Amino acid sequence: MPVRRFRSIEEMKAQPMWRRPGDPALYRAIAAVWEMGMRTGVHRFPPGVYKHHSMEDLNAQTERWMEENFRAFHARRSAR
Numbered sequence: 047m048p049v050r051r052f053r054s055i056e057e058m059k060a061q062p063m064w065r066r067p068g069d070p071a072l073y074r075a076i077a078a079v080w081e082m083g084m085r086t087g088v089h090r091f092p093p094g095v096y097k098h099h100s101m102e103d104l105n106a107q108t109e110r111w112m113e114e115n116f117r118a119f120h121a122r123r124s125a126r
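Be aware that the sequence shown starts at 47, since it is given in the numbering used here, and climbs by one per residue.
Among the hints, erroneous ones may be present.
Okay, the calculated beta carbon distance ranges per label pair [what the hints assert, rightly or not]: (1) 87 - 110: 31 to 39 Å; (2) 123 - 53: 33 to 41 Å; (3) 105 - 83: 45 to 53 Å; (4) 90 - 64: 46 to 54 Å; (5) 51 - 102: 42 to 50 Å; (6) 82 - 114: 40 to 48 Å; (7) 98 - 61: 45 to 53 Å; (8) 124 - 78: 20 to 28 Å; (9) 105 - 64: 33 to 41 Å; (10) 111 - 55: 24 to 32 Å; (11) 86 - 59: 27 to 35 Å; (12) 103 - 67: 25 to 33 Å; (13) 117 - 93: 14 to 22 Å.
Hints in this document: simulated from the structure, not taken from any laboratory.
Everything numeric in this text was worked out from a predicted model, so none of it was measured.
Cβ atoms here follow ideal geometry from the backbone N, Cα and C, with glycine treated the same way.
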């Protein structure tokens, strides 16, 4: 999707940014956003409820999960 720059609010109002329901371009835009999200935003967290003794323990666990997700993202990207 292209990036649009506007110098004023009036310039923004002159160019409609919203698509009407039923517009085929709306469906293509939604599909593009969902596809990009599926490629980049696949985060996996183990199911369940976890108890932590402190906020530091919680933050450390969350950081480990994010690191695993980051490595998995790069592995998927390298596999292409």
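Against the structure, the hints:
Distance hint check for residue 87 and residue 110: the Cβ-Cβ separation is about 19 Å, which falls outside the suggested range of 31 to 39 Å. Distance hint check for residue 123 and residue 53: the Cβ-Cβ separation is about 37 Å, which falls inside the suggested range of 33 to 41 Å. At roughly 26 Å, the beta carbons of residue 105 and residue 83 sit outside the given window of 45 to 53 Å. At roughly 34 Å, the beta-carbon separation of residue 90 and residue 64 lies outside the given 46 to 54 Å, and the hint is violated.
At about 43 Å, the CB distance of residue 51 to residue 102 agrees with the hint of 42 to 50 Å. Judged by the Cβ atoms, the range 40 to 48 Å given for residue 82 and residue 114 is violated: they are separated by roughly 22 Å. Judged by the Cβ atoms, the range 45 to 53 Å given for residue 98 and residue 61 holds: they are separated by roughly 49 Å. Separation of residue 124 from residue 78 is about 23 Å and conforms to the stated range, judged on CB atoms against 20 to 28 Å.
At roughly 40 Å, the beta carbons of residue 105 and residue 64 sit within the given window of 33 to 41 Å. Remark: the range hint 24 to 32 Å for residue 111 to residue 55 is contradicted by a beta-carbon distance near 42 Å. Judged by the Cβ atoms, the range 27 to 35 Å given for residue 86 and residue 59 holds: they are separated by roughly 32 Å. Distance hint for residue 103 and residue 67: a CB-CB separation of about 48 Å, inconsistent with the stated range 25 to 33 Å.
The hinted range of 14 to 22 Å is satisfied by residue 117 and residue 93, whose Cβ atoms lie roughly 20 Å apart.
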